[in-house]
Amino acid sequence: MKIAVLIKYVPEATASWRFADDRALDRDGVEGRLSELDEYAVEQAIRLAEAGAATEISYLTMGPPRAVDALRKALAMGGDRAVHVVDDALHGTDAAGTAAVLAAALRRIEADLIICGMASTDAEMSVLPVMVAERLQLPAVVNAAVLKVADGSLTVERDTEDATEEVVAPLPALVSVTDRSGEARYPSFKGIVAAKRKPVTTWSLADLEIPADRVGAGGAATEVLAVRPSPPREAGTVITDEGDAAARLADFLAANKLL
Amino acid sequence: MSTVLVLVHHDDGVIRKSSLELLTLARRLGDPAAVVHGDAGDALAEALGRHGVTTVYAIAPPDPESYRPAVEALALAQLAARTAPVAVLITSGPSGTEVAARLAVRLDGGIITDAVQVRAEAGGPVATQSVFAGAWLVEGRVRRGTPVITVRPNAVTPEPAAEPVTPQVERVELAEPVPAAVPRVVARRAKAATGRPELTEATVVVAGGRGVGSAEGFALIERLADELGAAVGASRAATDLTWCPHELQIGQTGKTVAPQLYLAGGISGAIQHRAGMQGSRTIVAINKDPKAPIFQIADFGVVGDVHTVLPALIDEIAKRRG
Ligand SMILES: Cc1cc2nc3c(=O)[nH]c(=O)nc-3n(C[C@H](O)[C@H](O)[C@H](O)COP(=O)(O)OP(=O)(O)OC[C@H]3O[C@@H](n4cnc5c(N)ncnc54)[C@H](O)[C@@H]3O)c2cc1C
Ligand SMILES: Nc1ncnc2c1ncn2[C@@H]1O[C@H](COP(=O)(O)O)[C@@H](O)[C@H]1O
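Chains as they are written, first to last, in our numbering: chain S, 1 to 259; chain P, 1001 to 1322.
These are calculated hints, taken from the structure and not from any lab test. There may be inaccurate statements among the hints.
[Said to hold, decoys possible] Sample of chain P residues facing chain S (criterion: CB under 7 Å; computed from the structure):
| id | residue |
| --- | --- |
| 1 | 1181 |
| 2 | 1309 |
| 3 | 1312 |
[What the hints assert, rightly or not] Rough simulated footprint, nothing fancy, chain S against chain P, three-plus residues with beta-carbon under 8 Å:
| id | region |
| --- | --- |
| 4 | 1050–1056 |
| 5 | 1091–1101 |
| 6 | 1208–1214 |
Note that beta-carbon positions come from the ideal geometry of N, C-alpha and C, so glycine has one too.
Next comes chain S alone, as it looks inside the complex (with noise of 0.2 Å):
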């Protein structure tokens, strides 16, 4: 079983986020990293490995050039192989336009797995994961928790809204696995060092045969009219509590008829 991975290269949750003037999240100015939530995607797709269901990992990226630490971070995980897809054109390219990229990409992969993040920590939207499925014709369970993969098909442990499911899909499908998957590893000397000499592939828009007029800001489907800070929150107040902090509270609960 071959297992492709879906990471993302998010600017530094600490970072202080800013939209540059074109209304795009400025990513030049700010640290970036491997997307914290696609680590656990790594780390299912290498404990598969481990336990003999899959035959090689490969990792893929779609992002600035900057984005290959993104790659050398997951390989030194362990993996095999990444594919990073960089081109000037994308800048500003919107989900639909990922997707597109992402799945023209994976056609070529041939993975008979898919793992992503839960969700980007920048833009957050948790939608690439089925919109790649989708594009791809194939079954996608988000949200998993546990994750196996036993005679061609995999089985996921997930809670939804309202409810605790176990879902089954045959492979090849897609999933997308959470923060409770299981902890990250820590890449070791010896993976950093092992990371370096794994195989990192760049393809371009017109490698995957992907019209330019499809993705960056010009294709893309959604645009961006305004960005502005959220209004500042009103000073609130704090008090120490002497004995009487329950009153108080109650008193500005009341005065704000919220009792």
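Please arrange chain P with the ligands on chain S, whose structure you already have, making use of the hints.
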């Protein structure tokens, strides 16, 4: 007026609050048409009519039952092709997002997720999103294909239409079979009923974090919640420590809530937690560390120990309510 397709969920004919919110928004964009799974009984149709629904599309469930998000996406795609709606509105959350994502690909259009506001404009509906842990607001619109928009629960106050209407009910058979390779739910354990309001829909949420110290400490959070008729929430630290079930987690990898009142006890206010509660109208925090980041966004903060402040508050509220 043009149609707005709204995916409506209901429990035995009682429309979910989040669906009523979608209908409230839909009326600002056009003529709401409700898409429901299974038969729409008279009571449901009448309730939908009170919320301005002119047409109810009742999706005939395929036999044998199939994967629900796949069925809903197929039905919505089919209805969108027929009615050319100005927008399709779906509630945010794992299953709604899954339906919306499949639908957007099928319609080859754009998708906007987790909107906190949607308004009509000449060039099509404009949606507002709250991003980067609530620090920024982004206004955007779909400019290709049918706009598919998911809306965060509690973003608007649900209101009935000024004039009730009597909707037409139409049964919709899927024109296309659900693909054979869809997931199959082989076991399902419904969450234990707590008698408390649903977390994402609640008007008041009381949430506990690592600072409550233990499962017994977390019980104080539950007692206060019950005193206020509130839903119970938690930080990831509290759910990871198994002081409460995982489904109560609020934040980036948990639920997003926007109640009238959010009361946090023993929660530091990490960015990932704030991402799920920053949209709350009023935020109250109790934390013994005056430097805890939660105080930066709190309307009312108490520097104090939850083990003394919470019991006193429960008594105080009980006393005032007499
Ligand atoms: C990718 C990723 C996703 C994440 N997603 C989420 C998420 O969805 N939701 C989430 O909540 N977290 C999430 N986290 C974790 C988050 O970063 C924090 O670790 C977590 O929110 C901390 O929970 P806490 O505030 O309960 O605990 P802590 O940060 O340990 O804070 C405990 C607080 O309690 C106070 N305290 C201690 N004792 C008392 C007392 N007796 N009385 C009063 N106050 C007291 C302390 O001063 C402290 O401020 C995520 C992290 C990552 C990396
Ligand atoms: N640019 C990208 N390259 C590779 N994978 C991605 C990219 N964007 C999103 N993904 C995958 O899709 C998941 C959900 O992303 P999102 O829909 O942006 O929240 C992520 O956790 C990744 O696994």
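Consistency of the hints with the structure:
1. 1181: Holds. Min distance 5 Å.
2. 1309: Hint on residue 1309 of chain P: holds, closest Cβ of chain S at ~5 Å, below 7 Å.
3. 1312: holds (3 Å)
4. 1050–1056: Not satisfied, violated; 0 residues make the cut.
5. 1091–1101: As far as the region 1091–1101 of chain P goes, the hint holds, because 7 residues have Cβ atoms under 8 Å from chain S.
6. 1208–1214: n = 0 at 8 Å, threshold three: violated.
The structure fails to meet hints 4, 6 from the earlier list, while all remaining hints are met.
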